[in-house]
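Enquirer: Listed here are the chains, written in short residue letters.
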Amino acid sequence: MNRNGNTYTVLYAAIMVTLVAAILASVSMALKPQQVRNKEIEKKQSILASVNIASTAENADEIYSEKIVSQYVINTKGDKVEGDAFNIDLKKEHAKSNAEMHLPVFECKTDEGLKYVLPVRGTGLWGPIWGYISLNDDMNTIYGANFDHEGETPGLGAEISTVPFEKQFIGKKLFDDKGTLYSIIVAKVGQDAPAEHKVDGISGGTITSKGLEQMLLDDFTRYEEFLKKKKS
Amino acid sequence: MSEPLFSKKNLKLLSDPLNSSNPITVQVLGICSALAVTAQLKPAVVMSISVMAVLAFANVIISLLRNTVPNRIRIIVQLVVIASLVILVDQVLKAYVYDVSKQLSVFVGLIITNCIIMGRLEAFALGNKPWQSFLDGIGNGAGYAVILIIVGFFRELLGSGSIFGFKLIPESWYITNGGFYANNGMMILPPMALITVGIIIWVQRSRNRKLIED
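One line per chain: the protein sequences are Z and F, in this order. According to the working numbering, the first sequence is numbered sequentially starting from 1. According to the working numbering, the second sequence is numbered sequentially starting from 1001.
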């Protein structure tokens, strides 16, 4: 058969793409359950990491069910509502209006008392960034933080998910002396902010740092009523 | 097929890309990823291994198909092979070695755009047997790796004062702690990667005069 003829070329292309599509689709379907499971374990590990508890993929389930004593859903007025806290998709919730938004809260029992874990989600430079912040029961002081990202530049923006960066958040305050929400400033070199509200940003990762700062402000604002109600 | 597997000619396929036909410094391919992922050594190493694997297997597959591929759509065929391989690798990593896939993150996708891979498929695999193509893939992958690791080494050392994340510069040396030293922030930005690659090319050409063009 003429290998440069139209028929051969079209047939070759058609067979090739069908084959490739079939292979990729079946591989994707076969591996899906395992991938979903990995995501679930990762989420549990991240929540535990935000209360400074280390876990491995093997024991995450066990530690999670032991330490997380309660998980529930609230609205932006700070009242509890019906819902499955673990499987809430923050991306979808953030797209809703404030009145309809549902937010998860996880309560974690630690050696230093009960901690409240709040998930946050925002935008970095290349894609979404997200994380979990745990608060002491004064609903003001950060007990621990864990961040992750989809595709920030390694060595630059991706540094937000490293331990030295996350450790800076420990002990920082959300509210100022008067009780107004101040959130956390992710500062550039030389930028001035009260020490209890400030962490150092990442050199070469300014847009990711600012995105993280915005994410914290947005999400703490959503949780503000809940935090105030819990405190009083 | 009487030729031994590791004949002199075949070994040259492995060693040439490390020096006189290096894909980055001589053919100037794959520069984009070399600049993007070398701010630290670890991602540079991971990226090198991934590219080597994909390059070797894509070379073998194209070499096996080389007598059937219609000339007019050969670039598309190459692209489909590379893209499918990369997606397969990504899916398998996500399912079985989730930690590694997290580290690789964007790099896996970036492999598709790496010009070295298509360059080798077009220039070598289309005209050679599978075994030679495999060696060529490994050799060029290694040539790519060498440059990435050299660049990553200097950028992490001078830019962050560490190697593989371990601090090498004592804390007391830093100006903030009363010392005399500061990390060079320029090193972690892409422009310094380009300059570092330029210096490597300069050093290589001054040692190997055959590479100097008129």
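Simulated from the structure, these hints should not be mistaken for laboratory data. As the structure is a computational prediction, the values presented were derived from the model and not from experiment. Errors might be hidden in some of the hints.
[Stated by the list, open to error] Computed cross-link-like contacts, DSS-like style, restricted to lysine-lysine with a CA-CA straight-line distance of at most 30 Å:
1. Z:K92 x F:K1042
2. F:K1042 x Z:K188
3. Z:K167 x F:K1129
4. Z:K109 x F:K1102
5. Z:K188 x F:K1167
6. Z:K210 x F:K1102
7. Z:K231 x Z:K173
8. Z:K67 x F:K1102
9. Z:K167 x F:K1167
10. Z:K198 x F:K1167
11. F:K1102 x Z:K167
12. Z:K43 x Z:K228
13. Z:K43 x F:K1210
Enquirer: Indicate, hint by hint, whether the structure satisfies it.
Expert: Hints, verified against the model:
no.: 1; hint: Z:K92 x F:K1042; verdict: 35 Å, violated
no.: 2; hint: F:K1042 x Z:K188; verdict: 26 Å, holds
no.: 3; hint: Z:K167 x F:K1129; verdict: 54 Å, violated
no.: 4; hint: Z:K109 x F:K1102; verdict: 29 Å, holds
no.: 5; hint: Z:K188 x F:K1167; verdict: 23 Å, holds
no.: 6; hint: Z:K210 x F:K1102; verdict: 23 Å, holds
no.: 7; hint: Z:K231 x Z:K173; verdict: 14 Å, holds
no.: 8; hint: Z:K67 x F:K1102; verdict: 26 Å, holds
no.: 9; hint: Z:K167 x F:K1167; verdict: 18 Å, holds
no.: 10; hint: Z:K198 x F:K1167; verdict: 25 Å, holds
no.: 11; hint: F:K1102 x Z:K167; verdict: 21 Å, holds
no.: 12; hint: Z:K43 x Z:K228; verdict: 27 Å, holds
no.: 13; hint: Z:K43 x F:K1210; verdict: 56 Å, violated
Consistency note: the structure conflicts with the earlier hints numbered 1, 3, 13.
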